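Participant: What follows is each chain in one-letter form.
2 protein chains.
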Amino acid sequence: MQVARTRDDLRATRASLGTVGLVPTMGFLHDGHLSLVDVARREHDAVVVSIFVNPTQFGPGEDLDSYPRDVDRDLTLLEKAGVDLAWVPDVEDVYPVGSCTRVRVEGPLTAVLEGASRPGHFDGVATVVTILLGVVDPDALVMGAKDAQQVAVLRHVLRDLGIAVDLVVGPTWREQDGLAMSSRNVYLTPAERAAAPVLRRSLTTVERLYAAGERDAETLRSLVRRNVSAEPAGSLEYVSVADPVTLAELERVGPEGALVSLAAHFGRARLLDNVTLPAAVTPPPSRVQ
Amino acid sequence: MQVARTRDDLRATRASLGTVGLVPTMGFLHDGHLSLVDVARREHDAVVVSIFVNPTQFGPGEDLDSYPRDVDRDLTLLEKAGVDLAWVPDVEDVYPVGSCTRVRVEGPLTAVLEGASRPGHFDGVATVVTILLGVVDPDALVMGAKDAQQVAVLRHVLRDLGIAVDLVVGPTWREQDGLAMSSRNVYLTPAERAAAPVLRRSLTTVERLYAAGERDAETLRSLVRRNVSAEPAGSLEYVSVADPVTLAELERVGPEGALVSLAAHFGRARLLDNVTLPAAVTPPPSRVQ
Chain U
1 MQVARTRDDL RATRASLGTV GLVPTMGFLH DGHLSLVDVA RREHDAVVVS
51 IFVNPTQFGP GEDLDSYPRD VDRDLTLLEK AGVDLAWVPD VEDVYPVGSC
101 TRVRVEGPLT AVLEGASRPG HFDGVATVVT ILLGVVDPDA LVMGAKDAQQ
151 VAVLRHVLRD LGIAVDLVVG PTWREQDGLA MSSRNVYLTP AERAAAPVLR
201 RSLTTVERLY AAGERDAETL RSLVRRNVSA EPAGSLEYVS VADPVTLAEL
251 ERVGPEGALV SLAAHFGRAR LLDNVTLPAA VTPPPSRVQ
Chain R
1 MQVARTRDDL RATRASLGTV GLVPTMGFLH DGHLSLVDVA RREHDAVVVS
51 IFVNPTQFGP GEDLDSYPRD VDRDLTLLEK AGVDLAWVPD VEDVYPVGSC
101 TRVRVEGPLT AVLEGASRPG HFDGVATVVT ILLGVVDPDA LVMGAKDAQQ
151 VAVLRHVLRD LGIAVDLVVG PTWREQDGLA MSSRNVYLTP AERAAAPVLR
201 RSLTTVERLY AAGERDAETL RSLVRRNVSA EPAGSLEYVS VADPVTLAEL
251 ERVGPEGALV SLAAHFGRAR LLDNVTLPAA VTPPPSRVQ
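Here the protein sequences line up with chains U and R, keeping their order. According to this note's numbering, the residues represented by the first sequence are 1 to 289, in order. According to this note's numbering, the residues represented by the second sequence are 1 to 289, in order.
Wrong hints could be hidden among the right ones.
[Stated by the list, open to error] Computed beta-carbon distance windows for the label pairs:
| hint | chain 1 | residue 1 | chain 2 | residue 2 | range |
| --- | --- | --- | --- | --- | --- |
| 1 | R | T204 | U | A111 | 46 to 56 angstroms |
| 2 | U | A15 | R | D45 | 39 to 49 angstroms |
| 3 | U | A248 | R | D8 | 50 to 60 angstroms |
| 4 | R | E92 | U | E92 | 21 to 31 angstroms |
| 5 | R | V97 | U | R69 | 40 to 50 angstroms |
| 6 | U | S235 | R | S16 | 55 to 65 angstroms |
| 7 | U | V91 | R | D8 | 33 to 43 angstroms |
| 8 | U | E62 | R | P232 | 52 to 62 angstroms |
| 9 | R | K80 | U | E62 | 50 to 60 angstroms |
| 10 | R | D166 | U | E92 | 15 to 25 angstroms |
| 11 | U | E62 | R | R252 | 54 to 64 angstroms |
[Stated by the list, open to error] According to the in silico footprint, chain U covers these stretches of chain R (three or more CB under 8 angstroms from chain U):
| hint | stretch |
| --- | --- |
| 12 | 99 to 108 |
| 13 | 200 to 214 |
[Unchecked claim] Going by beta-carbon spacing under 8 angstroms, a handful of chain U positions derived as facing chain R:
| hint | residue |
| --- | --- |
| 14 | S66 |
| 15 | Y67 |
| 16 | G107 |
| 17 | A116 |
| 18 | S117 |
| 19 | V135 |
| 20 | G162 |
| 21 | D166 |
FYI, nobody ran anything at the bench for these hints, they're computed from the structure. The model shown is predicted, which means the values in this text are computed figures rather than measured ones. Idealized CB from N, CA, C, for every residue including glycine.
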């Protein structure tokens, strides 16, 4: 595995790689990240993984400084996973001195959920991913489903800016007890860790109720609120039942299905999870018009 | 010559073109544009020209609606000039319905000169050029020196976003009497047209004074102001003697040279022109240290 730091290093190695799937990460890797490496390798000649804790997507008072880091361990894991090229840039390699160009995503898609809780977050995400795509020039961008709104925002950015890259979304990877894997899980105390799977359980209950025919969005939201409030270690920040493309809150789940997403605090950790309620199977056209 | 309208049309043809130089234009072509086609063709297998009057770079009250257009004539000229592919998109082909991603260039570079006169102008330019580059995927972006600040801003955008495209700048093309070619020259009445070459003459005088050793920036600016004010048909909006990279106004022209730029109104027409005062030739190193 090659390891690059500067843009020039990266480009020099990338030039010989054929088609590339890029997995952008903030490091402190877990099996969820490594599953994305597998996804990228299935469809491309080579896999590039970037490790970069992007300052522009953190707000004031967020955990930029304390975000967990262990680059040596990360590189060992990537080497074992068969990654071809790891890009571990410094801040100045991504944002050159005097950098003043930002990618902004306006409108309702970034005003809700994570965008409402973390003003400017998605501008930081859109900016850094645009830069990573510019420098790495991959054929596919491979991301995890856990950050559902991030995926929706980036899908928009790629289309809006005409960036011809496939956006490939890998499933959320989970611990045995259902907790979605996240680098931030390391913030959890043992008691919080034991309590946190309530998030996944509440979403599973929503799935079951939906499968049984429930379509009232507020009923589904209430279910999550009740589930999580029964767990004193956790505090729900939001639960959303939204259109899977626009992320507009729904009154009823229609034939296009829904994205059910939540954010919750367990001590120092702010955890996300989500589930997609599948679109209705289109019935065969009636034989009588 | 192929003519494409949608992104898909464009990409389908572009795929067979080898290396490409892209000349982005707003149409109503003149010899300045065609000189950029020649520049592009010298270094690349093929030339793509876009014709698109970009609404996002016009402010309220500007001439978006009245901007001169003649696409049929433009296409004839491009065909004759040996262009391989003309892209003539509708607004929705550049900005798909629901488009909400904008490229913003912050800081002093876009706060001065054209950026001060036309708030939001360079965000519109940066956004549309990023989209054109995304869709066309050229090897070089070829632009004219007349829009000097635009060139400086886009140079920043390409570097900041890691977009690996050569920025090639062709010289300003001029009428016999020195007036810089511009699609907006069509707005000039005969009397205004006769008066407008004062802009170029004032810049030529600056060049002569600089060559004779004048380094005081305010002296150079005053010279332009005096020259233009002697012409009643014109009204100078600004004259700048600035660092050629940062566009910060200078007190004295140092060894890095300067960009002298101006904007002036002649009736309905707002005209730009500029000249670069060359950097000092570095003297040979002294033989005695």
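Participant: It remains to establish, for every hint, whether it holds in the given structure.
Facilitator: These are the hints, each one checked on the structure:
Range check, T204/R to A111/U: about 52 angstroms between beta-carbon atoms, so the 46 to 56 angstroms window is met. At about 19 angstroms, the CB distance of A15/U to D45/R disagrees with the hint of 39 to 49 angstroms. Distance hint check for A248/U and D8/R: the Cβ-Cβ separation is about 28 angstroms, which falls outside the suggested range of 50 to 60 angstroms. Separated by about 39 angstroms at the C-beta atoms, E92/R and E92/U break the suggested range of 21 to 31 angstroms.
The beta-carbon spacing between V97/R and R69/U, approximately 41 angstroms, falls within the hinted interval of 40 to 50 angstroms. For the pair S235/U and S16/R, the supplied restraint of 55 to 65 angstroms holds, since their beta-carbon distance comes to about 58 angstroms. With their beta carbons about 38 angstroms apart, V91/U and D8/R fall inside the hinted range of 33 to 43 angstroms. Take E62/U and P232/R: their Cβ atoms lie about 59 angstroms apart, and the range 52 to 62 angstroms holds.
Between K80/R and E62/U the C-beta distance comes to about 58 angstroms, which sits within the given range of 50 to 60 angstroms. Between D166/R and E92/U the C-beta distance comes to about 23 angstroms, which sits within the given range of 15 to 25 angstroms. For E62/U and R252/R, the Cβ-Cβ distance of about 45 angstroms falls outside the hinted range of 54 to 64 angstroms, so the restraint is violated. Restraint check on the stretch 99 to 108 of chain R versus chain U: 9 residues with Cβ-Cβ distances below 8 angstroms, three needed, restraint holds.
Beta-carbon proximity to chain U at under 8 angstroms applies to 0 residues in the stretch 200 to 214 of chain R; the threshold of 3 is not reached and the given coverage is violated. Evaluation of the S66/U hint against chain R yields a violated restraint, the C-beta minimum of about 28 angstroms exceeding 8 angstroms. Hint status for Y67/U relative to chain R: violated, with the closest Cβ pair at about 23 angstroms, above 8 angstroms. Taking 8 angstroms as the C-beta contact cut-off toward chain R, the hint placing G107/U at the interface holds, the least distance being around 4 angstroms.
The closest approach between the C-beta of A116/U and any C-beta of chain R is roughly 16 angstroms, which is over the 8 angstroms cut-off, so the hint fails. Here the hint on S117/U is broken, as its CB sits about 19 angstroms from the closest CB of chain R, past 8 angstroms. With 8 angstroms as the threshold, the beta carbon of V135/U comes within range of chain R, its nearest partner Cβ sitting at about 4 angstroms, so the hint holds. Among the interface hints, the one on G162/U holds; its C-beta lies about 3 angstroms from the nearest C-beta in chain R, closer than the 8 angstroms criterion.
For D166/U, the suggested interface contact is broken, since its CB lies about 14 angstroms from the closest CB of chain R, more than 8 angstroms.
The structure fails hints 2, 3, 4, 11, 13, 14, 15, 17, 18, 21 (numbered hints given earlier, in ascending order).
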